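K.L.:
One letter stands for each residue in the lines below.
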Amino acid sequence: MSEGNVQAGTLPPSPEHTSSFKMISSLGAAGAAAGLLIVLVFGVTKEPIERYKAEVLRLAVSEVLNDPARYETLYVTSDGAIEASVPAGTESEAKKIYVGFDADGHATGVAVKDGAAGFQDIITLIYGFDPTSGKLLAMKVLENKETPGLGDAIEKDLAFVSQFEQATPPLAAVKRSTGAPGEIDAITGATISSRAVVRIINESLARLRAPIEAYFSQASAREEALP
Amino acid sequence: MPAKPTFRSGVHPDDAKELTAASPIRRLAFPSEVVLPLQQHTGAPAKLMVRVGDHVERGDMIASAQGFISSPVHASASGTIRAIGPWPHPNGNFETAVQIEVDRYSAQMPRRRLVPDWEELSREQTVAAVQDAGVVGLGGAAFPAHVKLSPPPDQVIDTLLVNGCECEPYLTSDHRVMLEYSERVYLGIRIMLHCLGIERAIVGIEQNKPDAIEVMRSAAPADLDIEVRTLEAKYPQGAEKMLIKALLDREVPSGGLPGKVGVVVQNVGSVATVAEVFETGLPLVERIVTVTGHGVRKPGNWIVPVGTRLRDLVAESGGLTDDASEIIFGGPMMGIAVANLDTPVLKGTSGVVVLSESEAPPKEHYPCIRCGHCLEACPVFLNPQRLGNLAMSERWDEMVDHHLMDCMLCGCCSYVCPSNIPLSQLFGMAKTALRRRPAA
Amino acid sequence: MKETTGQEDLLRGIWRENPVLIQMLGLCPALAVTNNVENSLAMALATLFVLVGSSLLVSLCKRFIPGEIRISVYILIIATFVTVADLTLQAVVPEIHKALGAFIALIVVNCMILGRQEAFASKRPPGRALLDALGTGAGFAIALVMLGAVREILGSGSFLGVSLFGPSYEPWIVMILPPGGFLTLGALLLCLAWWQERQEVKVSG
Amino acid sequence: MGELVWIFLSAMVINNFTLALFLGLCPFMGVSARVETALRMGAANIFVLVITSVTVSFLNAFILEQAPYLRIISFIVVIASLVQIVETVIKKVSPTLFRELGIYLPLITTNCAILGLAIFQTNRGYDFIEGLAFALGAGAGLTLALVLMASIREESELASVPSIARGMGLVLIIAGSLSLCFMGFAGLLSSS
Amino acid sequence: MNASHRIVTASPHIKAADDTPTIMWSVVASLAPVVASAVYFFGPSALLVLAASVAGALAPEALLGNRGARSLRDGSAIITGVLLGLTLPPGIPLWMAFLGGAFGIGFGKLVYGGLGQNVFNPALLGRAFLQAAFPVAITTWPAASKNWWALQGDNFAFPLMSPKVPDALSGATPLGLMKFEQTSTPSLDLILGSTSGSLGETSGLIILVCGAYLAARKHLEWRIPASILATVAVFSAILYAIDSAHYPSPVFALFSGGLMLGAVFMATDMVTSPVTHRGCWIFGVGIGLLVVTIRLWGGLSEGVMYAILLMNALVPFINRATQPRTFGALEAESKP
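Just so you know, the protein sequences line up as chains A, B, C, D and E, in that order. Heads up: the first sequence begins at 1 in my numbering, then just goes up one per residue. Heads up: the second sequence begins at 1 in my numbering, then just goes up one per residue. Heads up: the third sequence begins at 1 in my numbering, then just goes up one per residue. Heads up: the fourth sequence begins at 1 in my numbering, then just goes up one per residue. Heads up: the fifth sequence begins at 1 in my numbering, then just goes up one per residue.
Any given hint could be a false lead.
The calculated lysine-lysine pairs, modelled on DSS-like cross-linking and capped at a C-alpha distance of 30 Å, are [as the list claims (entries may be wrong)]:
| no. | chain 1 | residue 1 | chain 2 | residue 2 |
| --- | --- | --- | --- | --- |
| 1 | E | LYS218 | B | LYS4 |
| 2 | E | LYS218 | A | LYS145 |
| 3 | B | LYS363 | B | LYS431 |
These aren't lab readings, by the way, just hints derived from the structure by calculation. For clarity, every value in this text was computed on a predicted model and none was experimentally measured.
Please work from the sequences and hints to get the whole structure.
P.N.:
Below you can see the structure in the form of structure tokens.
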């Protein structure tokens, strides 16, 4: 098998000894050439890749924020403050949120990307939240490995997805909703996946709701103060 | 009823002892011819001492012991030696045997012999007398009796176990010996205790022989430390290691002999024979054989000259029935099937069982279903299931790693196997293959 | 090493020494991404690119690579081509790149590629190395597409995304899940062995 | 804490590296004929996975932040050299351990599971501790799969396997069956 | 004395009465009351599903098995078919039941060499395949129907096509209700079996009685169901004592779902369970722990099938680890 090939390969085929200088220099040359090639390709591909990523993010954000005129990326720091940028090196501790604005420059809502374990693996989703009304705007599953045809309905089943529009958090996944606010009808046969979506949003909001609301009340106060 | 002492595992086959348990021992008329193979015991074959044409008397030694683990062979009837050569042996091969044409009309009364008084003899002399009389274990394995009676000096023996279990189904010769010759058994025990220089003996009898237990208890001499104990009726209760475990709760180490745990085990038949040697002066020339099974017309227990051919024995027992299907030397669990009616009865032949077709119907083999019944049955706690699989792939060395050598071929695994896999036969083959293989 | 013709070099890898079906190399991508034909094709092409590129390069530079460190150099070369393929796919067909995920990067440790460098490209002229790489890559592609086809047809009822049996087909979801990968390749090998046995019987009988 | 347990269990059983992600298939197929070998291979794997995880955490934190395009190349080069160094050290320090693990170490370097761990750990943005849990879970999962496969193969070696299924065909079908079994762990710890 | 009558075989020359087909057929016979209760609760659909799964199991055994039609006589494939059928919902399309049986026997048994050689319980492997392939159909429990004669679902769906069950009620088994809606089912209903579920998930009582009969005939290793049920009972009792609001009662745990059927008929499959007594205890305890773990903390409402299959995979290892101590071996080792 494969190991056999590699093993056989470790036997030196050439009897003559190679000087360590030659070895190091050829490795160095190969490494330099490889690095050069990679940097070259990276230079060419960098732009389209980043453009695509930005486009995907823009689409997702605009979908869950109902087509805002523009959006801004902000950071929620670990102590609950919201900043436009964070010092380099602390990005991993801060949480990115995307605040949408309408044509008049009013903040309409905030989109948050979050994830947690679902039925099979991590589910990543983005949701839009309007702190003014205290209601969700929409939810979109970005990545899931749930059972095809069953659990992956959390992404594809419009009846399920549309329930999140105008739902009032905290949410609850139930079998047959009674009409109470925040109730989400779980997908038949995919209760675990449905619950995971609900849980991700609840836990995310539990963490972020207070800073976001604080930010929005400040923003509206600023707006009122401005004119 | 409180549980009787026993060992773990084992099987409960239908013992079918009712066929002959009540038949008193009768003496078989001398046949016209007896055949005495030189190999009738475990160990080196005896060394021939006679030539064709010689006339021998009953009790004369015709082959001498060759080494310590060996036993002499004596003429079991007076007569003329007709031939010496290969002859069908119960082990399935042809082995060298002495064929004696028995004297006609002879009363077969042996000449007067010196009867040694064992009480006057030293331990060593007594053991030597037992060896000269050619006494071997009559339970089946035919291990020379004198070897067990002279344990190596580093072993301290404290107990003599007398094996009256007769756990093989069908056989009743030991049962009848205990009923009819209890006094002789006790004399034999005295002699053996003398040989071993110890005081304590225990007689173990399975509970399916209540009359024998009764008789042995009432006949027990008051001056000896002898106990008669009832054991659960279970196969292979009569195997030495199992008997020691049941009676003394000692476990003979793997690969070791009973002497390692201070015990000597002798079969009741051998004990009685030793007594007979010192009562009559006659060596081992006859033994008690159960002829039984539904394939024989008149089952019974017989005193038979060693070397009597199967043909003569069966004829005396009324002949075979029409549905007789298999003739077995020994018990049905460990005995060997023979097809040739010229095969002689040996010293170790405790019985001849003729099974009818209904008793031994042909069985279809199935693949192993890993039911684990064989593990439950194995008295030495092997894993016959794995051993069997290894044997079928001829992986002998791995079998040794799985303790093949502790297997005593008792046949419990084969008996219980619902898929009729001939496990003990495979193990026997494996042992043979390992023996034959040149030591690497 | 036995001398071979260029034709043999090309054809050998396609069937008789098929890397996946016969030599059982590169199973990781063969099972991980073959839940549909499209992914299989993309993976096969990426692998083919890396294989051809590194084989050519190794064959061209074989005189300058000291024997003691050649494995490290091969890995370096392969990793470079994989990075190139990874970035290119990401830029050109981002959707497929997302579907294949980390398995593009894992082409680096595909034993098949390293094996070809060690066993062939390092000892042959570039032309032969190219043929061999093409053949092996094609064999890999054939195996992947076979697996992908079986798994997509049964698991989604479609081929290259085109529905085959209509909307009421009940897909065998297991086929596009991990067990389906193992089972499909296992079944494929059983069929191959059965077919080979029949051939042998025909030849000998 | 619960997060760490999930990461461990996910790599070990829910998304078992071998049976669900197809990583480390080479040793799974090649070195799974004997249970003892499988156990040693598993131990060696855990060892290398942990080293890898630590290395990758370090690389990600300090170097690759600046040059993400060098990821694949630096992972493979650094891991291979590190394993080489560790191998030499073990050989000097503990010849016994080297006999137990040594021959497997170079094989593991070219094993997809190692690079797979590095890439998944990076893609998921695991920190140092999470990476360790991930590596331990992946190693435990690999060992579990290897040992199960080896014990089953030892058993079926004695079985009358049909000629067409001898070899890899049966191994793959056993792997598929194991993979089916492991689906039972789906959703573990994420249901409530 | 006719010599031709005589045979020469190896010892032992006598045999215990039970052979493999006897054991297999007595298992089939003891499944009859379970089948009858399935038919009583689910009507003709139950019979149809069972017939399809049995046919699915027999087809590859007869066509591809190395022992050909002979292997049908030992009854093992029928057991596989019946057991598989009992794990299926009554409304499942017959083609799926057939496929499950064929997969179980083909990939779960014949590739290993047929009877006695397989590692996984073929019925459960078939069921696991169906669960992974058709997760919706296999968890579609029809709403209770008044008419006994009515089919319970789209049994006659065209092969390879989806079943049409308009008013299907999914996940309405007692376990599903417990897991997803925190609703318990009365214990008496569970014990008598008048609940929704797979064919064999009905009366725990009948299954227990059948198991006791088999155990008495020594055709079933009582240690396995005993240890499984005891483990589940103890484990759930502990959890119930800690938090009775969150965790179900031990009675519920014992009599809901396929636990009884699994413990008595599936886990005890001789081929796929350990050969040693100690191994059987370990096996049973392992299954019990896995069942409770999967049911309470896993993503599925029922874990019996996966618990048994996972422990099946461990059986070769358990067998290795629990080799009996050979008679006299310990003392031999302790002496230098």
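K.L.:
All hints are to be evaluated individually against the structure, with a verdict given for each.
P.N.:
Hint-by-hint comparison with the structure:
1. Distance restraint check for LYS218 of chain E and LYS4 of chain B: the Cα-Cα separation of roughly 23 Å lies within the 30 Å cut-off, and the hinted pair is therefore satisfied.
2. About 47 Å separates the Cα atoms of LYS218 of chain E and LYS145 of chain A, which puts this hinted pair outside 30 Å; it is violated.
3. For the hint pairing LYS363 of chain B with LYS431 of chain B, the CA-to-CA distance comes to about 25 Å; that is within 30 Å, so the pair holds.
Against the hints set out earlier in the document, a violation occurs for number 2 only.
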